[in-house]
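Undergrad: Fit chain B to the given chain A structure using the hints.
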Amino acid sequence: MATPASSAVLTFTEHLPLLAVAVPLLTAPFCVLFGNRNIAWLLAGLASIASCLFSLHLLLQVIDGDIISYHLGGWAPPLGIEYRIDAANAFVLFLISGISSIVIPYARRSIAHEIRLASQTLFYCCYLLCFAGLLGVVATGDAFNVFVFLEISSLSTYVLIAMGAERDKRALTAAYDYLIMGTIGATFFVIGIGFLYMATGTLNMADMAVRIADLEGNRTVQAGFAFVVVGMGLKAAIYPMHLWLPRAYTFAPSVVTVFLAATATKAAIYVLMRFMFSVYQPSFMFETHTLTWIIIPLAVLAMFAASLIAVFQQDLKRLLAYSSVAQVGYMILGIGLLNVTGLTASIIHLFNHGITKGALFMVTGAFVMRKGSSFCDNLAGLGKQMPITSGAFVISGLSLIGVPGTAGFISKWLLVTSALEKGWWWMAILIVGSSLLAIIYVWKIVEILYFKEAPEGNTAKEVPYSMLIPMWVLASVCIISGIDTDLTYAAAKAAADGLLGAGVVR
Amino acid sequence: MRHHLILRVITKLIVPPILLFALYVQFHGDYSPGGGFQAGVIFAAALILFGIVFGLRKVKRVLPPWLVIRLAAFGVLLYGGTGVVSLFVGKAFLDYSALAAYPKDGQHYGIIAVELGVGIAVATVMVAIYYAFASRPPRINDEDW
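Taken in order, these protein sequences are the chains called A and B.
Using this note's numbering, you'd call the opening residue of the first sequence number 277 and step up by one each time.
Using this note's numbering, you'd call the opening residue of the second sequence number 26 and step up by one each time.
Keep in mind that the hints were calculated from the coordinates and are not lab data.
Note that the structure is a prediction, hence the values are computed from the model and not measured.
Where a beta carbon is used, it is the ideal one built from N, C-alpha and C, also for glycine.
Mixed in with the good hints there might be a few duds.
As the list claims (entries may be wrong) - FRET-style restraints, in silico, Cβ to Cβ: (1) TYR134/B / LYS698/A: 57 to 63 Å; (2) THR568/A / ALA125/B: 52 to 58 Å; (3) PHE158/B / GLU723/A: 47 to 53 Å; (4) LEU519/A / LYS37/B: 48 to 54 Å; (5) LEU44/B / PHE562/A: 51 to 57 Å; (6) PHE62/B / GLU492/A: 37 to 43 Å; (7) PHE588/A / ILE165/B: 35 to 41 Å.
What the hints assert, rightly or not - From chain B, some residues computed to sit far from chain A (all C-beta separations above 10 Å): (8) VAL34; (9) ILE43; (10) ARG82; (11) ILE165.
Unchecked claim - To spell it out: a stretch of chain B is covered by chain A in this simulated footprint if at least three of its residues, at any positions, have a beta carbon under 8 Å from a beta carbon of chain A; those stretches are: (12) 88-99; (13) 115-124.
Chain A on its own, in the form it takes in the complex (with noise of 0.2 Å):
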């Protein structure tokens, strides 16, 4: 057995990517062990805090076009499993642990309300677990740690929805069929890791670029790069792959609602995006054309049918989950349009969308505590009785459709750019267009809270502080990073540069 090569000592700083992965996986068996909930609840927020500020230091680290790279078990990569740390990945890091640590005090009445108290202690441990696997999806270098990952987090998540059930019995039913498409899903995406595996012998993604760079005509490696795309289509919820996606987010406990909507689906996105750009190179032929004629149809497909299904819904919940899947139509289609500012733009658009989807699943949540249930019909008159909750419901719905002054505007604003810089002055014009329905959808809302009378004798008092505060926290963020962009606009730009930049070995 040879010994680990590296005999340097680490130091603290020099943990931090495996640390900020490894915090929270291994808070969760301590919240189990404890037994009590109120202990799992401060444990999961100090991990995810911890987490939070172990990512922001990375992610200070990378933005310069800097690489850390962490071996696990001092063995040297490609042999070991590295743990790889760039603009690109420190940046989703970030977005998915400060997401965290601001749901967790949220989700401390919600929960309370939603889930009976035996379930609370194992609910928190899901809920790191989800999270730690989240963050090592992110985090690692390696494809197949990218999947064993993905599997914790996705066995966490059927978990976490299935504990909907207390509220309405079919978040069973919701959390097997995302268990059926998860799997599916995972196991497409295992699949072309082993045909990766098969052309090129390494499993580590920086080496798997090197080799794979002239065996473009493989049939071996074509057939990888669509397991892998529609593998991780599927978690990302691709227009016509979305099909769980409404009834989890549906039908799951509003906290998780809450963090899935704004953390699963962009890890998901992340990955496609490492795919595409790090380990594929968006030079070879195949890709250009799965990008062009397969990825940009279905962005512009799900811009508009999932938000004119969005438009006809009747819950507020599943009227924001149709959205989501609209939403990840701009970020493959940032992604598809194959330049430096579509790129970056997919990628602020992770941030701008998590956040502003956040906001807007929180006050969902706060009506559900206080209504019972997010029917539309319930909601009437809600801008009087919960004027703090509604308040910030329009300002992130506000960020949701793009308005100038939000962090959503942002957003569609570099990607228009983007489109214009091809030339497609027509697509500009469809994403304009796509983005009038999120007003139709967002005014319904609006409408309903502010301008139906409440019914008689229905009244509703505000949420506690614990779950206002987060809520106003990821509002004001919307208004914040859509004024002032220069944190997350050269996160992105540095993280779009350092994935194409990858892309261009040769």
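TA: Below, chain B without anything else, positioned relative to chain A:
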């Protein structure tokens, strides 16, 4: 199962060897085929067999449900904790060389600790799954609605 005398006698005879064999597979995992996963499943198989033949109530007295999920968490922690130990001496996560003066010994101790964690977690999770299915209330018949 009270009237199945043969099953009961055979089970009593066979459960201890199964447990012993599980421990053999566990601790010889680094020399011969085996390791935590296999050992955990074999160990759980003995408990599940006991439960099927002598009843859920009796096996739950051996291994109560609250202990099962805590042991599962403990197994994961043992694995992760082994990795964390190496952080404190400035080595990478899960670098077992840090566990002893000689890297080769360290690798050896490390894999034994990690496999033990895996074994405990796998065995208890298998038992937990069995408990979950076996404790389900009987299905409601169509006439009982």
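Undergrad: Compare the structure with each hint and give your call.
TA: Do the hints match the structure? See the list:
1. Hint check: TYR134/B to LYS698/A, Cβ distance near 59 Å, so the stated range 57 to 63 Å holds.
2. Judged by the Cβ atoms, the range 52 to 58 Å given for THR568/A and ALA125/B holds: they are separated by roughly 57 Å.
3. For PHE158/B and GLU723/A, the hinted distance range of 47 to 53 Å is satisfied, since their beta carbons lie about 49 Å from each other.
4. For the pair LEU519/A and LYS37/B, the beta carbons lie near 52 Å from each other, so the given range of 48 to 54 Å is met.
5. In this structure, LEU44/B and PHE562/A meet the distance hint of 51 to 57 Å, their C-beta atoms being roughly 55 Å apart.
6. The hinted range of 37 to 43 Å is satisfied by PHE62/B and GLU492/A, whose Cβ atoms lie roughly 39 Å apart.
7. Range check, PHE588/A to ILE165/B: Cβ separation about 37 Å, and the 35 to 41 Å hint holds.
8. At roughly 38 Å, the least C-beta separation between VAL34/B and chain A is larger than 10 Å, which holds for a residue marked as non-interface.
9. Residue placement check: ILE43/B keeps its beta carbon more than 10 Å from all beta carbons of chain A (closest about 27 Å).
10. No Cβ of chain A comes within 10 Å of the Cβ of ARG82/B; the nearest lies about 21 Å off, and the non-interface call holds.
11. Distance check for ILE165/B against chain A: the nearest CB is about 14 Å away, which clears 10 Å, and the non-interface claim stands.
12. Proximity of the region 88-99 of chain B to chain A, defined as three or more residues with a beta carbon under 8 Å from a beta carbon of that chain, is established by the 6 residues found.
13. Under a criterion of three residues with beta carbons nearer than 8 Å to beta carbons of chain A, the stated coverage of the region 115-124 of chain B is upheld, 8 such residues being counted.
Checked against the numbered hints given earlier, this structure breaks none of them.
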